[in-house]
Amino acid sequence: MLLTCFAGFACSRPSHAATDLPAPEVDLQVEASEEPQTAVAVLAGGCFWCTEAVFEELEGVSTVVSGYAGGANDDANYKAVSAGITDHAEVIAITYDPAVISYGQLLQVFFAVAHNPTHVNRQGNDVGRQYRSAVFFASEDEKRVAEAYIAQLTAAGVFDAPIATTLEPLKRFHPAEDYHQDYAALNPNQPYVAYTSLPKVDKLRKQFPELLKSEAKSE
1 MLLTCFAGFA CSRPSHAATD LPAPEVDLQV EASEEPQTAV AVLAGGCFWC TEAVFEELEG
61 VSTVVSGYAG GANDDANYKA VSAGITDHAE VIAITYDPAV ISYGQLLQVF FAVAHNPTHV
121 NRQGNDVGRQ YRSAVFFASE DEKRVAEAYI AQLTAAGVFD APIATTLEPL KRFHPAEDYH
181 QDYAALNPNQ PYVAYTSLPK VDKLRKQFPE LLKSEAKSE
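Going by the numbering used here, the sequence shown opens with residue 1, and the numbers climb by one from there.
To be clear, the hints were calculated from the coordinates, so they are not data collected in a lab. Just so you know, not all the hints are guaranteed correct.
Claimed, not checked - Calculated lysine-lysine pairs in the DSSO-like style (CA-CA distance at most 27 Å, straight line):
1) LYS213 / LYS203
2) LYS143 / LYS171
3) LYS79 / LYS203
Claimed, not checked - Have a look at the derived ranges for each label pair, beta carbon to beta carbon:
4) GLU31 / GLU147: 18 to 24 Å
5) TYR179 / PRO199: 31 to 37 Å
6) ALA155 / ASN121: 36 to 42 Å
7) ALA23 / THR95: 20 to 26 Å
8) GLU210 / ILE85: 38 to 44 Å
9) ALA185 / ASP20: 42 to 48 Å
10) ARG144 / LYS171: 30 to 36 Å
11) ASN77 / ARG144: 28 to 34 Å
Idealized CB from N, CA, C, for every residue including glycine.
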């Protein structure tokens, strides 16, 4: 495989699913290897401060980088993306070991606790294409898994509104500015983080304890 959210207390809070989400019935196949494997998943779920905090908790995830993807311009920065003039989305690039946590499991967390996938071009009070829900696929296999999981969730009726998540080809990932990286971890007492990011982390810990890193389990 290959490889905004600074607007008050506006990220959508994680209360959108009527029931716990089922595990994906379709997932990527992992080839046996004695060496650690590395893959990258790129997801857009509104404010990257919020989504980054969730995925950093997962066993098998080595890094989560906030950034931008999906725009027409060859470059992206927070000011331009926030103004909505580039059509980029705020995204996170998740580097993970698919032998430890699968692409499908990442999608399960994404749809269950990281954001509200039923919102169109917004999360909470953050409105604009930069806050859209999207899976940026780097291969046809990733696209197939995401399509199958959305169809599975739709058939199960776990949400009270249609899933608005788009599937978009990953053309380029632009890392965000340094001050956006690890924001929740570095600023746990900031009111915005306490109101938006940490409730999602708490829900992750309650709903998916088996997926957590050992240090997250002890907190």
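A quick look at each hint next to the structure:
1. LYS213 / LYS203: holds (15 Å)
2. LYS143 / LYS171: It holds: about 14 Å lies between the C-alpha atoms, which stays within 27 Å.
3. LYS79 / LYS203: Roughly 31 Å separates the two Cα atoms, so the pair is violated.
4. GLU31 / GLU147: 18 to 24 Å: Once the Cβ atoms are compared, 22 Å apart, the range 18 to 24 Å for GLU147 and GLU31 holds.
5. TYR179 / PRO199: 31 to 37 Å: violated (23 Å)
6. ALA155 / ASN121: 36 to 42 Å: Since the Cβ atoms of ALA155 and ASN121 sit about 25 Å apart, the hinted range of 36 to 42 Å is violated.
7. ALA23 / THR95: 20 to 26 Å: At 22 Å between Cβs, range holds.
8. GLU210 / ILE85: 38 to 44 Å: holds (42 Å)
9. ALA185 / ASP20: 42 to 48 Å: violated (26 Å)
10. ARG144 / LYS171: 30 to 36 Å: violated (19 Å)
11. ASN77 / ARG144: 28 to 34 Å: Since the Cβ atoms of ASN77 and ARG144 sit about 33 Å apart, the hinted range of 28 to 34 Å holds.
Taken one by one, the earlier hints fail for this structure at numbers 3, 5, 6, 9 and 10, listed in ascending order.
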